[in-house]
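Assemble chain B onto chain A, guided by the hints.
First to last, the sequence lines map onto chains A and B.
Residue 68 in the numbering used here is what sits at position 68 of the first sequence, and the numbering runs on without skipping anything.
Count along the second sequence starting at 1, add 418, and that's the number in the numbering used here.
In case anyone wonders, no lab produced these hints; they're calculated from the structure.
Where hints are given, some of them may not hold.
[What the hints assert, rightly or not] Pairs of lysine-lysine residues, derived as DSSO-like cross-links and limited to a Cα-Cα distance of at most 30 Å, are as follows: (1) A:329 x B:824; (2) A:401 x A:363; (3) A:401 x B:728; (4) A:363 x B:754; (5) A:336 x B:528; (6) B:739 x A:146; (7) B:754 x A:406; (8) B:531 x B:576; (9) A:406 x B:526; (10) B:725 x A:249; (11) A:325 x B:728; (12) B:590 x A:249; (13) B:528 x A:108; (14) A:43 x A:146; (15) A:266 x A:49.
None of the values given here were measured: they were computed from a predicted structure.
Protein chains: 2
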Amino acid sequence: MFVNTFYFQPADCDSLKKFKDRIDIEYHSRSVGYYHLPNSEFKVIEDVKDWQNSLENIDSVVIVGVGGSSLGAKAVSTMLTCDKKFGTPNLFFLENIDPISINATLAKLKFSKTLFLLISKSGTTLDTVSIAKIIMERFKVYPENKEFKEHFAVITDKNSALCEFANEYGLKAFFISQNVGGRFSVLSATGLVPLTLCGFNTEALLEGAAKCKSDFFEKGDMTIIQKAYTYVNGEENINVLFSYSNAFKAFNEWYIQLWAESLGKKKGGKNIGLTPIGLIGAIDQHSFLQLIIDGPKDKSVTFIRIKEMKGDMSIPNFSLKHLEKADLKSSISAAKLLNEQALATMKSVIDSGITTDEITLDKLDAYHTGYLIYYYELLTSTCGIMLGIDSYNQPGVEIGKKILIKKLGKYVNAAKKL
Amino acid sequence: MFVNTFYFQPADCDSLKKFKDRIDIEYHSRSVGYYHLPNSEFKVIEDVKDWQNSLENIDSVVIVGVGGSSLGAKAVSTMLTCDKKFGTPNLFFLENIDPISINATLAKLKFSKTLFLLISKSGTTLDTVSIAKIIMERFKVYPENKEFKEHFAVITDKNSALCEFANEYGLKAFFISQNVGGRFSVLSATGLVPLTLCGFNTEALLEGAAKCKSDFFEKGDMTIIQKAYTYVNGEENINVLFSYSNAFKAFNEWYIQLWAESLGKKKGGKNIGLTPIGLIGAIDQHSFLQLIIDGPKDKSVTFIRIKEMKGDMSIPNFSLKHLEKADLKSSISAAKLLNEQALATMKSVIDSGITTDEITLDKLDAYHTGYLIYYYELLTSTCGIMLGIDSYNQPGVEIGKKILIKKLGKYVNAAKKL
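Isolated chain A, as found in the complex:
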């Protein structure tokens, strides 16, 4: 079960119906592709499984991709570490043109047992192609070599440059629909291919997302619309996600990209947007919490917690001499203490007059993960519609790219032909 509880007074549902109508229009227009992924993408999973039978001896899958091409799979795989099937390949990420992290990751890989997934919607992301070249040079395997196509595959838009590259050299290619934006693409091939290869239950992931889709579009659950309305119209312009478990670390990063890149936009010369912050509980009770409680009242907080956690253990009910102050009334489990910490912190936040809500997941499995992901995608789209902006573009990041191209001569093809 997925439950979102508000500790604020939400707007009346009737007054918000007009926003639901607008989302319905966007949904039915099919201009925004991610809405439909929970139903359309089971065939990708089948395709991966068929293909996987032909892959021999692969124990490592490496995503070479940045932003929306890597964050989704990272979020899901980190949340579902406990659910990974034994003996399936490990998942790695090359997402930064940073020699320190590239060396650290490559040192862990044996080329003969590794599959590199080059992921880029446009197909010519500078960092991604540059890292791919470094990999080829490091292992001395180039597109002309026989083993190349056994160790490289691509995920991209149909007809992109990367798709043509794959065709040229006979690489396996998976496709993202043109109308699915990078940061909304985790439930497309972008996420499903690596996650399926690495033994995660991607069918259940899609099923969870499909349940959220049906709750929203068919059953008319207004929770997301009420929450978005509170965010868009409240005084607070910072939205904190306080996620209780280290397993949410990459999910927080995924949320930050989704929220920041979708909702930070210019509109008629005005700069608008909501600022995302991701925290991990209980750790950040000893860090950011002080600022939430005593700092400026510019933040809303959403607590996420998991009721039953895999591998939960008892905190032994013995007392250590001189440390009796840290004893508990009775023996409880670690997950119980973590949940109680979340509840106590949440109460202190609510009592400080901060706009607060709480998401509880019965457990952290693929189904609940799919639900949560789709929920946040819908929430983002709804906020975008209420703000009157285009949530699916990112014009602001193009300026820096142009400056870089001018300096480094991208598009000036002076490189040696292989």
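Using the frame of chain A, we list chain B on its own:
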């Protein structure tokens, strides 16, 4: 070399002298202990090295501690991964009462080769003591057992409950001065003990910090004061650290704790504070950057980049068929491309009218790391003085703790005596 360049008009130094005087008073009062650590703590390193000779066969050191007890060592060890001496123990962290992360970490350890450092200033941090009990139960080694003192040590305040516990069972104990706050304690035993044990050059770390101290207190460098003044008096209430390299991930977390917990305070009934955000370049150019450029103008940005990076590699100067758009003018290194990305992004941020500055480190070694850490500690203290708040307490987080105690009965000693 450490250089901080402003791309904004700072206030005139003469007008800021009064703030320098106030910091000097705080410094000379010796009420705030961290100021003096770069000179006083070399003896801790010697003590660790002497003790280490008596430790047999340890290949893993585990920090059991939360917030200020873990974030500093995590920041430094992550920054200096490339500098770690071969054959020295690996460093692990148990910082969350989260069964998923506890199981994942404990599964990597062999008890007979592991040293657990229980770190808590107060000595009775609930999470830390609870995790310690879980460790004891998991490995069936309790304080009464002979091998206990070979595998557990403590870092705490003198005379704390944890200190008494150590005395009771003959554990090695290292001490943090009473006047050194947790989040300012990385250059005390809190950070120096684990980092020295794991083969990091902690002498150079202190030397770098001592250089920053001398630049500020003796040579009268006003950069920090100018920067703090701009932050405290500017329109922006969010301070973004955009750090170029995955190596800065934990440093960003450390910065967030330092900034948020020190500068988010109530003052005369008013809620004041500055909100920290940590980003990693180039990754977050594909995430948060859009919001910085097109979103509300409520953010300042500091870029941190490393000029020369260890293990740097060339991006091969060949062209891949159909991917020619991602070719570069000439063969450059990964670090060069990363730096050029930082510069291009920085220019786009400056051109958007955002308060921007840039820190360049010649390289990422222990010396520069020590300088950077002390620099940010001084910057935090200076902002606190300008805001007229106490940067060294955290009253806001006590409310949640009290609620938890009420519920779980901490202080109600119902546990079995061992």
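> Checking against the hints above, which ones are violated?
Replying inline: 2, 4, 9, 11, 12 and 15
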